[in-house]
Each structure stands twice: as C-alpha cells, then as structure tokens.
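Student: Okay, so the sequence shown: first residue is 13 according to my numbering, each after it adds one.
Don't read these hints as lab results, they were simulated from the structure.
Please note that the accuracy of each hint is not assured.
Unchecked claim - Mimicking DSS-like on lysine-lysine, the simulated pairs with C-alpha atoms at most 30 Å apart in a straight line are:
1. 94 to 284
2. 273 to 298
3. 56 to 93
4. 56 to 100
5. 101 to 167
6. 298 to 56
7. 167 to 94
8. 158 to 93
9. 94 to 125
10. 241 to 214
11. 255 to 298
Quantities reported herein were computed from a predicted structural model and do not represent experimental measurements.
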Amino acid sequence: MEFIADYGLFLLKAATIVVAIIMVFGFILSAGQKQRSTHKGDIKVTNLGEEIKDHKHTIQSEVLSKAEWKALQKQEKEQDKKEAKAEKKKVKAAKENTTKENEEVIQDELEIKPRTYVLDFDGDIEASDVESLREEISAILATANKQDEVLVRLKSPGGMVHTYGLAASQLSRIKSAGYQLTIAVDEVAASGGYMMACVADKIISAPFAIIGSIGVVAEIPNFNKLLKKAHVDYEQHTAGDYKRTLTMFGENTTYARDKFKQELEDTHELFKAFITENRPDLDIEKVATGEHWYGSQALELGLIDAISTSDDLITHATKDRDVYTVKYEIKRPLSDKLSISLHGFLDRFVMGWVQRSNQSNLFK
Numbered sequence: 013m014e015f016i017a018d019y020g021l022f023l024l025k026a027a028t029i030v031v032a033i034i035m036v037f038g039f040i041l042s043a044g045q046k047q048r049s050t051h052k053g054d055i056k057v058t059n060l061g062e063e064i065k066d067h068k069h070t071i072q073s074e075v076l077s078k079a080e081w082k083a084l085q086k087q088e089k090e091q092d093k094k095e096a097k098a099e100k101k102k103v104k105a106a107k108e109n110t111t112k113e114n115e116e117v118i119q120d121e122l123e124i125k126p127r128t129y130v131l132d133f134d135g136d137i138e139a140s141d142v143e144s145l146r147e148e149i150s151a152i153l154a155t156a157n158k159q160d161e162v163l164v165r166l167k168s169p170g171g172m173v174h175t176y177g178l179a180a181s182q183l184s185r186i187k188s189a190g191y192q193l194t195i196a197v198d199e200v201a202a203s204g205g206y207m208m209a210c211v212a213d214k215i216i217s218a219p220f221a222i223i224g225s226i227g228v229v230a231e232i233p234n235f236n237k238l239l240k241k242a243h244v245d246y247e248q249h250t251a252g253d254y255k256r257t258l259t260m261f262g263e264n265t266t267y268a269r270d271k272f273k274q275e276l277e278d279t280h281e282l283f284k285a286f287i288t289e290n291r292p293d294l295d296i297e298k299v300a301t302g303e304h305w306y307g308s309q310a311l312e313l314g315l316i317d318a319i320s321t322s323d324d325l326i327t328h329a330t331k332d333r334d335v336y337t338v339k340y341e342i343k344r345p346l347s348d349k350l351s352i353s354l355h356g357f358l359d360r361f362v363m364g365w366v367q368r369s370n371q372s373n374l375f376k
C-alpha cells in the first residue's frame, strides 16, 4: 500500500509539473498573440503565370540546342510585340468610342484576361491563418473585376469551432461579393477544414486527400481520484448552473456529463445545418457521422465535386487567365517568431498524436 501511495504521489507531482509547463507555454503564446495583433503586414503578390514561364524557359534553355533556343526566344518576343501592339490599338479605339453611356461596357472589353487569385490556408487547431486570410480577401475584393475568380489551397485537419467558423465566414465574403470560389484540397480538409471547404462553389480534391470528419470531439483527463489519494482537496465555485460542466480536478457528475454531451450534440447540429445550407444536395445524415474518406470516395458521396490537384488547376488557368498568389505577410519580432514556432510545434504534436490514434489505414 505504501508503494501505491508513493507512486500516486509521484504521478501527482508529474501531473503538476506538466500543468505548470503548459501554463508557462500558454503565457508565452498568449503574449505572442497580443504582440501579433499590434504588428501590421504587407500584401505580397506573385505572378504564377510568369513563374511557370520562367521554369519552362529554364528547362528549354538546357534541353534545346542553341539555335532552337534562340529561335524560340525570337518567336516569343515577336509574339509579345504583336500582343502589345494589338492592346495599344484596342485601347485607342476604345477611348475614341467612349461615352458616358457605354463607359462601363468599354472598361469590361479592355480587360484582356480575367484573373485568378490564389490564397493558401494552412490550418492549425486555432485556425491562426484567419488573421492573414481576412486581409488577403479584403485586398482582393477591393481590386477584383466581376470576371475574376478565387482559388484557395486549403489544408486543415480542423480545430476550434469558433475560429473555423470565422474562417468559413471570411470565405463567404468572396461568394457574397459575386466571385467564383474554388477550394483545392491536396492533403486534408477535415472537420473545421471541411466547414471552410463547403462554402465554395466548387471543391476539388486529390485522390487520397482526407475529406469529411463532420463531427465534434472533446477529450479531457480527470485527476480527482489521484488528488483524493494524495489527500489534496480541490474546490471550484461557480454562479450559474452550467458555468462549468466537466472539470479536470473536481469530481464530475452524471448531470455535468449529460450537459456536456448535449452541448456537443448542439454544436454538431449547427455544423450539419451549415453544411446543408452550402451543399443542399448532400445526404448530410449519411456523411455527418464523424468518419473521414479519401478524395475518390468523397466524390461518390458528394462531399467534393471533382478529382484533381491545385497544381493542375493553376496550370490550366494560366492558359487563358492571369494567375496571382496573394499573401499577407506580417513582419514579426524575434520573440513573436519564437512563440509562433513553439505554438506550431505543440499544435503539430497534438494533432499528429490524435490522427495516429484515430487512423489505422497507414502505409507501413
């Protein structure tokens, strides 16, 4: 019995140390979050069409003979001059024919190519990228023309309900403004990630990307029995019947558990209603079981609209559209970068552990 008591005391000390470390990390992260909100960033735009063209030229310069390479360069220069001349002529003719009545029509005709704006969202538990996403979307909406489109490369296993709800609402701004929104999932869009994806006019997924997981989960350890063995009392006082349901250190009651489960069910119903609103043809009761599927399976269930990759979409778009990535970059001090790195490490560790514990279909 003495051994058990000593071992219990050891576990209690270990748990105390772990909690203390988490609290310290939490303080560092919260300080970093406060600092992040005070730092402004800049919008960075990259022409993907030109980038692809540069890569193409790099290969061509190596595989073609000198004569072939020079001939190709000459041909492209002549083509560029021809297009520039035609554009100049078109602008001149438009100006001569412009009146107040047809000014808007003329402006539309002057647009040679529509644009596709590409955004990246790499989601953690807190959907931290929403800070940049809102700025990127605001910048696009301030400059886009009616024929422009937005492509979001989404990667997220899900996380907190309120932060992913905000991220989904940010994407809804694009549709509300009348622009076509496409979501491309190369790896994973599960749970809160799928909440974001379902907002799109079209969801594209790679064949083995993880899709779905339309459910709600909450896990919490309880150290009450361990504290009792160590003769440690824990008191918790609340005002309001449901101010606190489950607790880590107090004694959880059946009443509290039932209320907590009901809150999860209510959240799940809101999740299902949101998906049904955005994808009304989906059999929500069939897919809202918490299960996840691979892209090819998700297509059969109606969770996505087509099988492809973001790379294929971008390459195809550059043929008749100008394609740009838009990224909001925040200049951060070293302390902020350290807190973000620590946050990312802890987040990846936790999510990796959860995914490994829930998934058995792994390549070994």
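Student: Enumerate the violated hints, using their earlier numbering and listing them in ascending order.
Tutor: Going through the list in order, the structure violates hints 1, 5, 6, 7, 10, 11 and respects the others.
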